[in-house]
Amino acid sequence: MLAHYGYKDGSGEYFIVIDTDKCDGCEECVAACPCGVLEVGEDENDPFREEPVARVTEEHRKKVKYSCGPCKPASGRIPLPCMEACGPGAISHSW
Amino acid sequence: MNVAGLDCGVKNVKAMILEDDKIKAKISVLSGFDQKAAAQEALDKVLEQAGLKKDDLAYITATGTGKEEVTFAESTITEVGADAKAVSFLYPSVRTVIDVGAEEGRVIKVNEAGKVIDFAINDKCAAGAGTFTETMARALEIKLEEMGALSLKSQKSVPINAQCVVFAESEVVSLIHAKHAKEDIVRAVHDAIADRIASMTRSIGIEKDVALVGGLARNIGFVDSLKRDLKQELLIPENPEYSCALGAAFVAAEKAKGG
Amino acid sequence: MEKEYWRWPESRWTSPDVDWKDGDIISAGVDVGSVSSQAVVLVDGNLYAYSNFRTGSGSPESAQKVMDKALEETGLTLNKIDYIVGTGYGRVNVPFAQRTITEIACHARGANFMYGPTVRTILDMGGQDCKAIRCDAEGKVTNFLMNDKCAAGTGRGMEVFADLLSVPIEDLGRLSFEVDKEPEPVSSTCVIFAKSEAVGLLRKGWPKEKVLAAYSSAMAHRVAKLLERIKVEKDFAITGGIAKNEGVVKRIEAELKIKALEPKHDTQIAGALGGALFANALVEKEKGRR
Numbered sequence: 001m002l003a004h005y006g007y008k009d010g011s012g013e014y015f016i017v018i019d020t021d022k023c024d025g026c027e028e029c030v031a032a033c034p035c036g037v038l039e040v041g042e043d044e045n046d047p048f049r050e051e052p053v054a055r056v057t058e059e060h061r062k063k064v065k066y067s068c069g070p071c072k073p074a075s076g077r078i079p080l081p082c083m084e085a086c087g088p089g090a091i092s093h094s095w
Numbered sequence: 096m097n098v099a100g101l102d103c104g105v106k107n108v109k110a111m112i113l114e115d116d117k118i119k120a121k122i123s124v125l126s127g128f129d130q131k132a133a134a135q136e137a138l139d140k141v142l143e144q145a146g147l148k149k150d151d152l153a154y155i156t157a158t159g160t161g162k163e164e165v166t167f168a169e170s171t172i173t174e175v176g177a178d179a180k181a182v183s184f185l186y187p188s189v190r191t192v193i194d195v196g197a198e199e200g201r202v203i204k205v206n207e208a209g210k211v212i213d214f215a216i217n218d219k220c221a222a223g224a225g226t227f228t229e230t231m232a233r234a235l236e237i238k239l240e241e242m243g244a245l246s247l248k249s250q251k252s253v254p255i256n257a258q259c260v261v262f263a264e265s266e267v268v269s270l271i272h273a274k275h276a277k278e279d280i281v282r283a284v285h286d287a288i289a290d291r292i293a294s295m296t297r298s299i300g301i302e303k304d305v306a307l308v309g310g311l312a313r314n315i316g317f318v319d320s321l322k323r324d325l326k327q328e329l330l331i332p333e334n335p336e337y338s339c340a341l342g343a344a345f346v347a348a349e350k351a352k353g354g
Numbered sequence: 355m356e357k358e359y360w361r362w363p364e365s366r367w368t369s370p371d372v373d374w375k376d377g378d379i380i381s382a383g384v385d386v387g388s389v390s391s392q393a394v395v396l397v398d399g400n401l402y403a404y405s406n407f408r409t410g411s412g413s414p415e416s417a418q419k420v421m422d423k424a425l426e427e428t429g430l431t432l433n434k435i436d437y438i439v440g441t442g443y444g445r446v447n448v449p450f451a452q453r454t455i456t457e458i459a460c461h462a463r464g465a466n467f468m469y470g471p472t473v474r475t476i477l478d479m480g481g482q483d484c485k486a487i488r489c490d491a492e493g494k495v496t497n498f499l500m501n502d503k504c505a506a507g508t509g510r511g512m513e514v515f516a517d518l519l520s521v522p523i524e525d526l527g528r529l530s531f532e533v534d535k536e537p538e539p540v541s542s543t544c545v546i547f548a549k550s551e552a553v554g555l556l557r558k559g560w561p562k563e564k565v566l567a568a569y570s571s572a573m574a575h576r577v578a579k580l581l582e583r584i585k586v587e588k589d590f591a592i593t594g595g596i597a598k599n600e601g602v603v604k605r606i607e608a609e610l611k612i613k614a615l616e617p618k619h620d621t622q623i624a625g626a627l628g629g630a631l632f633a634n635a636l637v638e639k640e641k642g643r644r
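Chains as they are written, first to last, in our numbering: chain U, 1 to 95; chain P, 96 to 354; chain E, 355 to 644.
If you're looking for bench data, these hints aren't it; they were derived computationally from the structure.
We put the beta carbon where it would ideally sit given N, CA and C, even for glycine.
The reader is advised that the hints may include incorrect statements.
Stated by the list, open to error - Simulated restraints on C-beta separations:
1. P:S170 - E:K588: 54 to 60 Å
2. E:D422 - U:P73: 51 to 57 Å
3. E:G410 - P:I315: 36 to 42 Å
4. E:E600 - P:T166: 40 to 46 Å
Claimed, not checked - Computed footprint of chain U on chain P; a stretch qualifies when at least three of its residues, placed anywhere within it, have a C-beta under 8 Å from a C-beta of chain U:
5. 172–181
6. 248–260
Please model the complete structure; the sequences and the hints are all you need to start from.
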């Protein structure tokens, strides 16, 4: 399942996409994120899945544009720590 | 030598007259639905205040969203440019300028020469601009001018989860029904918008000194929330909402001298 | 903003063909939304009763009210229901539910029941959110995207315009087509800015039908873009309150070049229906039938 966490508002589309089929719940991304945007827990949208999966915390879902600000400066992008940390490549950002 | 700068904002048109780099007169009129007429009204009123006629002005520069509507202006400058000019003149130590207006939020990075090196603008989402506080003031049935002082009375903050003006309004209404103290709700409103402005500032990079201008700088509650979020002192000029008009006037002065 | 908002009419329904006393498993789902709430009761997986009422000031009270309304005049009482699933907006609180399941999962299951196993793409637009969901033939979610941060593209966004133009919600769709030529869509995405833009257009002499058409067009475009992000695969179905606004529905269909399936039941019950189906499945699982 491709879980898109985030939103679209007047200024653009901001989604962190987690591919739950690829995610193995290793929690490397949680540790790598400097802002506590990610967590690992039960798959909320698949009531019958037992393995835990990575998610964007509820606190950050509605402000990912701002939450991810530190890793996405206005000029000079760095490779995103969460994506680098993910072995199976389950994380992607739409902006 | 007298010059004029006009800032044609969405909500207010601000006009300023400088005489040899000193503020001689300033006026703010409501933009209403006809920015062209409002700009003319602003010019007439500011000339009256200065005791001058239009021909006494050596040069007029316009800025703001409605700058193209100011047909009598001889040049225009972007709001980012205007802010940078004004603030660098007032505070040469400033490297980060935050401007929050009625419908737009901006963060500008300048170097020691006052030149713009980076900026970020939010003009698409009302939650990052003055409309947010204005709408919440209506929902709380308090005057906008009273928001600041009221929020400083608060001892605790109440979370506002909604990031959108439309949704936050409903959330504020339910907080009122849940009998939360108005000062706590107002403080939460200021914390919420300060959070967004601070994030935008961080994306540009906070470099001291930091200045805050624009209409919202008059709201002491918002200023307090922003200082706490950024963990920075803020330099705020005497008439913060006039910073773009001032910047435009400086440009006018340079142009008049043959710049 | 005025305090009175235009909302879809309230309703309740009981099946003339089903009798709960003959049933083995009775399950229910309650969906507490930001604007309206629904309750659905199933008997052995068949639709038995449902209700759709305005959400009150609190989640537990709204859940209780909507459940009571669904059970009205059926003789069925809460304690006879084997399993109840709660769902809805935010951290919803349905005190009498055995479990809470997310609206995404529930809407996919509910749409699969309402529209059949051919449904693969679902658009749900409720009071304060907009969801784009891809599912498989069993109604299991394979891709989803939810926007509940921004009012544009939600029921509330449309309500702001209904208020501004003083048009009752039931007439929004029909009225938006009473124009000679489809106007340019409103340029601002933000509802607040779009409203200012609309006021300017009205002052320029635009009739309200034209303003409504411009806004419906902008909303449809925005929603279509969201759907394109998860890729639209047929069959396509729409749930939630927005499905009743043909002004937006027809424009979305035109932009995506795909027709939405016709609903046979109140489109607002999809979430609660999905919840009831999960409840049913959970009872069957416990009973060892899976």
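Results of checking the hints against the structure:
The hint said 54 to 60 Å for the Cβ distance between S170 of chain P and K588 of chain E, and at roughly 56 Å that hint holds. Taken as a hint, the range 51 to 57 Å holds for the pair D422 of chain E and P73 of chain U, whose Cβ atoms sit roughly 54 Å apart. In this structure, G410 of chain E and I315 of chain P meet the distance hint of 36 to 42 Å, their C-beta atoms being roughly 37 Å apart. For E600 of chain E paired with T166 of chain P, a C-beta distance near 45 Å keeps the hint of 40 to 46 Å intact.
As drawn, the region 172–181 of chain P meets chain U at 0 residues by the rule of a beta-carbon pair under 8 Å; below three, the given contact is violated. Three residues within the 8 Å Cβ limit are the bar, and the region 248–260 of chain P against chain U gives 4, so the coverage statement holds.
Hint 5 from the list above is the single one not met by this structure.
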